[in-house]
Structures are given as structure tokens and as C-alpha cells.
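Each chain is listed here by its residues.
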Amino acid sequence: MVWNVFPRDLMAELERLQRDYSHPLEQSASIRGSGHSRFPALDVGGTPETVEIFAFAPGLDPAAIELTLDRGVLTLSGERAGELPAEDARTAVHIGERFAGRFRRVVNLPEDADPDSVSASYRDGVLHIRVARRAASRPRRINVQ
Amino acid sequence: MNERNKQAEASRAETLSPAVDVIEDAGGITLLADLPGVPKDGLKLHIEADQLRIEGEARLSLPEGMQWTHQEQPTLNYRRVFTLSKELDAERVGAEFENGVLRLRIPRVQQAQPKRIRIDVA
Chain A
1 MVWNVFPRDL
11 MAELERLQRD
21 YSHPLEQSAS
31 IRGSGHSRFP
41 ALDVGGTPET
51 VEIFAFAPGL
61 DPAAIELTLD
71 RGVLTLSGER
81 AGELPAEDAR
91 TAVHIGERFA
101 GRFRRVVNLP
111 EDADPDSVSA
121 SYRDGVLHIR
131 VARRAASRPR
141 RINVQ
Chain B
1001 MNERNKQAEA
1011 SRAETLSPAV
1021 DVIEDAGGIT
1031 LLADLPGVPK
1041 DGLKLHIEAD
1051 QLRIEGEARL
1061 SLPEGMQWTH
1071 QEQPTLNYRR
1081 VFTLSKELDA
1091 ERVGAEFENG
1101 VLRLRIPRVQ
1111 QAQPKRIRID
1121 VA
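Quick mapping for you: the protein sequence lines, in order, are chains A and B. First residue of the first sequence? That's 1 in the working numbering, and the numbers climb one at a time after it. First residue of the second sequence? That's 1001 in the working numbering, and the numbers climb one at a time after it.
No lab work stands behind these hints, which were simulated from the structure alone. Even for Gly, the Cβ is constructed at its ideal location relative to N, Cα and C. Hints are supplied without guarantee of correctness; some may be wrong.
Under the rule of at most 25 Å between Cα atoms (straight-line distance), these lysine to any residue pairs were calculated in the SDA-like manner [as the list claims (entries may be wrong)]:
no., chain 1, residue 1, chain 2, residue 2
1, B, K1086, A, I65
2, B, K1044, B, R1079
3, B, K1040, A, R90
4, B, K1040, A, R71
Which bits of chain B does chain A cover? Going by a derived footprint, with three or more residues having C-beta under 8 Å, they are [said to hold, decoys possible]:
no., segment
5, 1049-1062
6, 1066-1076
7, 1083-1094
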């Protein structure tokens, strides 16, 4: 019976949609998009002294990663070569999920980010960008006399 | 993972299925898996009977007092399991791991190399 199968598939589909749209953190939508399921995935956070950005970008040549900072907008771009061969009589691609091609991600830095104090390192396929905050804007404790 | 990382990561999901490419040619299967952030000693590969299990824990160097404001990576723990078939030689799996990309080569057992079957047309 074909009809018995249908409602189960529908439930699975709904579950998948719910997974796709739920997110661990409440966040407002950025004008440049939320960037879900884009390459590389970005995690952003910080401390009172720094802004920390982690880009999950495995399999790149660090020398070929382009990182620019212009008026508070940090842009990360580059290209990841595909590894899938052309299919022929002797070669079959069973799963092809890994990202291939050019990528470009943009992050708005907070007002207090210091463009002259940026460092970036690539380790185990993660690009870690650290931007210092200007000292004048760090929270300070004010002593009451 | 140290205490600081544990606290900062407490809000994340349990495991993430890493993106893979699986390519088969006459000699066997090549599997590529994206495991960004996993150091060499954080990768675990298990082959048991006909199961291949890939697990890894990404480690980020987080500063003291780190607070996340935006997370697209649902977790730092990767896990994916594949069922191998009989003609693959689990004893001779080759693995390379560089810049967060795992490359596995699983050859076919010698007797299982593909043979062309002749079709006789009556």
C-alpha cells in the first residue's frame, strides 16, 4: 500500500525542516544573510579585550586565503579545489557532500574593533582571526569615592 | 578539552556528521571527510567487522572569558559510521590526515577486483 508510506515520509521531512531552522543561539538577521550551510561555517565571539572569529575551512592552502578588513567589514575569501573525478565506466561518485569552488564570507566587526591590531592563524583546518578592541572602549570599573 | 572550553561549548549539540566524498574506482574506495579543528591526536578511526567509524573532537584555542555571539558550527564533536561491504579489505586501509581533511583508501580484496562478465547472446 503506497498510502501507508506517505505520512511517515512527511513526518521525516518536517523533522528535517525543523532541524534546519532551529539554532542554538537567538540572533537577529544580518543584512548580509545568516550564512547557514555556507562555507566556511563561522563562529564569532569575544572577550572584553578581543573579538574572536573561527572559520571552519578544512583543506585550504593558508597562503591562498584572502583576508581583508575595510571600514569595519572583515572579508574572508578563497577557493577550495574539488576532489571528485569525472565519472566513467570505472569510477563512481557515491557521495559528494564536501564544498568545492570559490567562497566569500563577510563579518561586520563591532565599533570598537581596532583594524590595526588583527592576527590570523590557520591550524587543523580552522582559521582563527583575533581583532583587539580599542582600549578606550573596554569596560572599566569606576571606583566610587 | 579543558574546563574553559567545556563551559563555552556547553550550549552545542552532541555530534555533527562530517561532510564526506566517497569515490569508488576499480581498485577500491577513497573517502574524504571534513573534520576542521581536529588535531591528529583528536581523531579516532575504528574498523570493526564491517563497520567503519570516524570520530573526532575539534579543539579551539579560546581565550579566558570567551563568550559566543554567533555559532554556525553546531558542535565540535564529529561522528559518522559507514557499513563496509565484504569485497573491501578492512585490513589494508590507508589514512592521511592534514589540515582537517581525512583521506581514507579502502582497497578491494584481491579476489574481488572487478571482472568483466561476458554476456553470450543466444
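Hint-by-hint comparison with the structure:
The straight-line distance between the Cα atoms of B/K1086 and A/I65 is roughly 42 Å, outside the 25 Å bound, and the hint therefore fails. With a C-alpha separation of about 9 Å, the suggested pairing of B/K1044 with B/R1079 holds against the 25 Å cut-off. Distance check on the hinted pair: B/K1040 and A/R90 sit about 33 Å apart at the alpha-carbon level, beyond 25 Å; violated. Of the supplied pair hints, the one linking B/K1040 and A/R71 is violated, its CA atoms being roughly 38 Å apart against a limit of 25 Å.
For the segment 1049-1062 of chain B, the stated coverage by chain A is satisfied: 5 residues place a CB nearer than 8 Å to a CB of that chain, which reaches the threshold of 3. Counting residues of the segment 1066-1076 of chain B whose CB lies closer than 8 Å to any CB of chain A gives 9, which reaches the minimum of 3, so the coverage claim holds. Restraint check on the segment 1083-1094 of chain B versus chain A: 0 residues with Cβ-Cβ distances below 8 Å, three needed, restraint violated.
In terms of the numbered hints stated before, the structure departs from hints 1, 3, 4, 7, listed from lowest to highest.
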